[in-house]
Structures are given as C-alpha cells and as structure tokens.
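A.B. asks: Here is how the chains run, residue by residue.
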Amino acid sequence: MRSAVLIGMRVLTAVATAVTGYVHADLYLNNGYRVIHVVGPGFLLLSSGAFAVAALLLIGGSPVLRLGAAAVAAGALGGFVMSRTVGVFGFTETGLQPAPQALISLISELGALALLLSWHVILLRSRPASAFTWHRWLLAPARRS
Amino acid sequence: MMSNKRRWTRRGWPAALGAAAVGGTLLLAACSSGGASASASITPGGGQHLAGFGGTSATPTVLPTAMPSGTSMSGMPSSAAAPTAAPVAADAVAIHNFAFGPQVVSVKVGTTVHWTNQDSEAHTVTSDTGAFNSPTLQPGAGYSFTFTKPGTYSYHCTIHPFMTAKVVVS
Amino acid sequence: MTGEDSEHGMTRRQLMRHTAWFGAAVALTVTGSEVISHVAGDGSPAAAAAVAAGPGALRFVQISDSHLGFTGPANLDVTATFGAAINQVNALGYEPDFVMHSGDITHLTLASEFGQAKEMMADIATPRVFTVPGEHDTINDGGKLYRKFFGAGTLGNGWFSFDIKGVHIISLVNTTSVDALGVLGADQLDFVRRDVAGLSAETPIVVFSHIPLYAMYPKWGWGTSDAVTLLGILRRFGSVTALNGHVHQVFAKTEGNVTFYSAAPTCYPLPQPGQAPAPLPVTVPAGELSSALGIRTVSFQAGSTNLALTDERLT
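Protein chains in written order, with our numbering: chain C, 1 to 145; chain B, 1 to 170; chain Z, 1 to 315.
Think of the hints as simulated: they come from the structure by calculation, not from any bench. Yeah, the Cβ is synthetic: ideal placement off N, Cα and C, and Gly gets one too. Just to be clear, a hint being listed does not mean it is correct.
Said to hold, decoys possible - One-sided excerpt, in silico: chain Z residues whose CB lies under 8 Å from chain B:
(1) 13
(2) 98
(3) 129
(4) 154
(5) 156
(6) 161
(7) 195
Start from the sequences, fold in the hints, and give me the full structure.
C.D. replies: Here's what the structure looks like:
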C-alpha cells in the first residue's frame, strides 16, 4: 500500500512538474518570451530543468529530484510574483496574463509544491524513529518504491 | 515511538499551512481579472481624430464616443475613412496603459465627459470627493458624466489608485 | 532500509547516490535546452521574427518612396515593385499593428498616382495605414492634393500623432516648404511641444518624417533645418527613434537619445552621400534591383524600450 502511495506521489509530482515545463516551453517558443531580456533564457532553463526532473522522477524518488522539483516550482512561482510586482530585469506583466498559460502554470506549481510537501510528510512518518539530524529531516531518504 | 511521530507531524503542518497561505495569497493577488488579450487600439493624440486609413483588417478603433469592439472586421472601405466622431473630442478621456488620457480635461458647465476603457484591465472612474463614481469598467466599456457645477474634479481609479486625473469645469 | 545513517550526516554511498541523480538531472537539463533551442531556431528568419515579438509587443512596418508614376531605366515598373513590397508585408507571418509609408508615395503629385497608391495600400493586411508626404507628393501645391487623399485626421500640413501599446508615435511633415533642406516650421514644432508635454520620460517615442531629421548630407538636401529644435523638445525622453525615407537607402545613426534610421525605397536606389555628383536614380544591373529595395519591420517589446528593427530586401 505504502509503495503504491509513494509511486503515486512520484508520478503526480512528475506530471505537475512536466506541466510547468510545458507551459513555459510553449511561452518560450510560441508566445515570444524568447526575446525578453533575461526572462527568455530563464524560461528555457526552467523548462528544460522541469522536463529533466519530471522524467527522472518517473524512475526514482531521490531527495535530489524532490528538491529539484521544488526548485522548479518555487522558481517559477517566484518569477511570476516578481514579474507582477517589482519586475524581472525590467519586465513586468499584469494579472493572469498571458491567459490561460499563467493560471495553468500557477496551478501546476502550487500543486507540485503541495504534492512534494505531503510526500515529504509521508516519508517522515514512515521512517522508524531515530535521532534527529538535519540530513535525515530534510532529505527523508526515500524507500525504494 | 508515537511521540516521535507526533513531533514530526507537528513540524510538518506549519510548512503545509505556509504553502497554503502562500498559494492563497498568490491566487488572490493574481485574481485581478485576466481581461481580454490586448487588441492594438490606436489612440489619436490629444485633440485629434484618427489619421490614416484602414487596411484589410481595419477594426473599429478609437472614436471619442464609441466603444472599441476589438474584433476584426474585414472589407472596410478603402476610400478616405474619416471617423464620424461627434464634435466633442475634447470631452473624451481614454483609459489606456493604466493612465487617463488626457490627464486634464477642460469643459464648460453642462458638458458630458465620456470615458472609454481601452486598456486590457478593468478600471473605474471615481471622483476623489464622491461627485461621481463609475461602475467597474471592463475593457471596452464606457462611462459618462455630465458636469453641472463649475470646479476642479480630481478623480482616480479605485482598482489602481496611482491612476489620477482631473476635469476642470468652468 | 536504505543503508546506514551515520550519526551526523550522510554516508558515502548516499552522497554518491545524490550526486548520481543530480548529475543525471543536469545532463538531461542541458540536453533538453538544446532540443528546445533547436525547435526555436527552426523556420525562416521572418517566421522567427514573427514569433519573436513578446506579449503585448508593438510591431509595425515602414515602407517608403514608392514614386508611383516614375518611368526610367532605374525602374521600369515602380507599380510592380511597390506591389511586391506590399505582398511582402502581407507575407510576414503576422499582422503588423500598423503600416507607415514615409513619403514620396507618388512621383508627380497626380490624382491618378495618389488614387492608385491608396488602392494598393488599402490591401495591406493591417488595421491601419498611415502616410507622410514627400516632396514629390507636394509639388507646387503645398500638399493640398496629398491631403485630399491622405489628410483625414491630420493637422496643419498633414502632421499627427497617436499612441499604441504604450508607444507614442509622431508623424511630421518637413517637405511642404520649398527650401534647400527640409523644414518643420514653428506651428509644427509647437504641436510637438504640446503633444509630448504630458508624457513621461520613459514613454518610447517614434518620429516619422520624409526627409531625415539629422544632417545626413545637406549638400543634397538630406537634412532638416529646424530639426535641432525638435530634438531639443524630445531630449528628455529615454528612447526616441526617428524613421525617415527620402534618401532611398538604409542608413542608421545615433545621436544622444535619438537613433535615426533611413529606409530603403520600393522604387530605385540613390547614390550614397558624395558618391555621385547628384542624387539621381541609380540604375543597377538587371536582377540586382530588388536587393536595393525593401521594407522595414520594427517591434517594441512591451514594458521596455528595447526595439528590434529589421530591414528586409524585396524578394
């Protein structure tokens, strides 16, 4: 049962991360984000990183990958908020533009973070009790699933 | 054993709450209406009518008293397309790019001023003193107010309070 | 169990595992970005430019110097080359937000030439077409016939301004006064002063005129006598782009906050400054004419003053 849950977490997180990657790739390729100063290359990096992490998550649930997925989601969210407030190297946008990509991306990023969090909690709960070290708490080393 | 599990759980939940709070705030912040994707509305300069003529995808662009529809109309006549604006061009204010243009409008008592939202976001036209207040104007919507008493009426957009302008009635 | 935890931190085996996953992620990311970049790079330059405009970007086209009515060895069919330029605009792969013809629409200020030009330009796939008169459009009548065809909505001799997507566009006439150089005139300068008075210094400004607003080659009349005043009025703006025609060749120059770009014609080229005794039509070898003619696409990124300007030869 537990393995199924963990596999499910992996797959769902992979899907959410892939969606984030796909939306950013679409904006990069087809909606002109490519030419925006700094933001363009940033989208490329985020998108390829997202696909990489998503693909690997289908194979295994290493803490490195979970951290990577969290970084993708948090990075995308941070960029989103910055672009609507202080700007990112001079680039600003408003509201939920471009629609519908902005909303889809928001949902997949928040979803990925929520999934990662619950995954983390599940892993922590499932471990036998042992003395606390930051390594153990942060990385909650995955069981093979 | 159990106490250890409880301890981890207690530490886990604040993080979940935090994420939820962040997520909720983000969604709220992003909730200013998405609006229509910006159609390229051409706003003539102050006191001018639109120059030039239509190409094959001429759309009904800015007329001082008209509402831009933002949809393409094909087959616009190619002959000189003088816009049929009412001769009250100075009483029109366009809301565009998060600003009121012109920022100061001078009219005589009894004149009706027309505001048109040509931006891709909703705005309002709200007097600082409460003399007039438009409903929320979606992109393309308009609002009119007739000034019956002289004075200077400063106004702003309640959604974006940094947008300010005034009407001087004499 | 996933291997022994040590008392403080991770084991060598765990470190190797973490590193392996990290390395795999990095390798895949690099590969992925190569793939995505490759997809981005496919397609013709025009198509790439088409999708290259960011969200909310302003994209417009400048065409210039069609000289309808000209006949001569330099171009035996100016109507055909003008038509080819219009087809090229329609084949850009996107619809420009407007098209500006920067002057010398006709060669002889004839009603038939104006009429034909307007008919042809009304077929451009764009919401709006604007024009500026050249000296060939205002021969001996101060622009009256030009204004009959193209003057709707303009002020004075035919100047006007408008805003689009956060960019302020000013269209000026410096060809109606008979003079060695172009002249803007006090009325027009006052108009510009009033027109830009309320604009913030971050507003990108684009100025169209027929004759260059800088001293490109005064000996041939390639300059405007009172442009200095105009540039003074625009000094406070961070981004001013001046686009002109008249000289029948592509040329660019930056002076302070203003960058000037002269456009290619759609009829025939003129010699470069000083390379000939007079600015007369240059006859180029057969087959080479279209490489001297062209259209210009300009795009402004929303939210910034970066602009991309591409001069395309006639195909």
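A.B. asks: Taking the hints in turn, state whether each one holds.
C.D. replies: The hints, checked one at a time:
no.	hint	result
1	13	violated, 24 Å
2	98	holds, 7 Å
3	129	holds, 5 Å
4	154	holds, 5 Å
5	156	violated, 11 Å
6	161	holds, 3 Å
7	195	holds, 5 Å
In the structure shown, a violation is registered for the earlier hints numbered 1 and 5, in ascending order.
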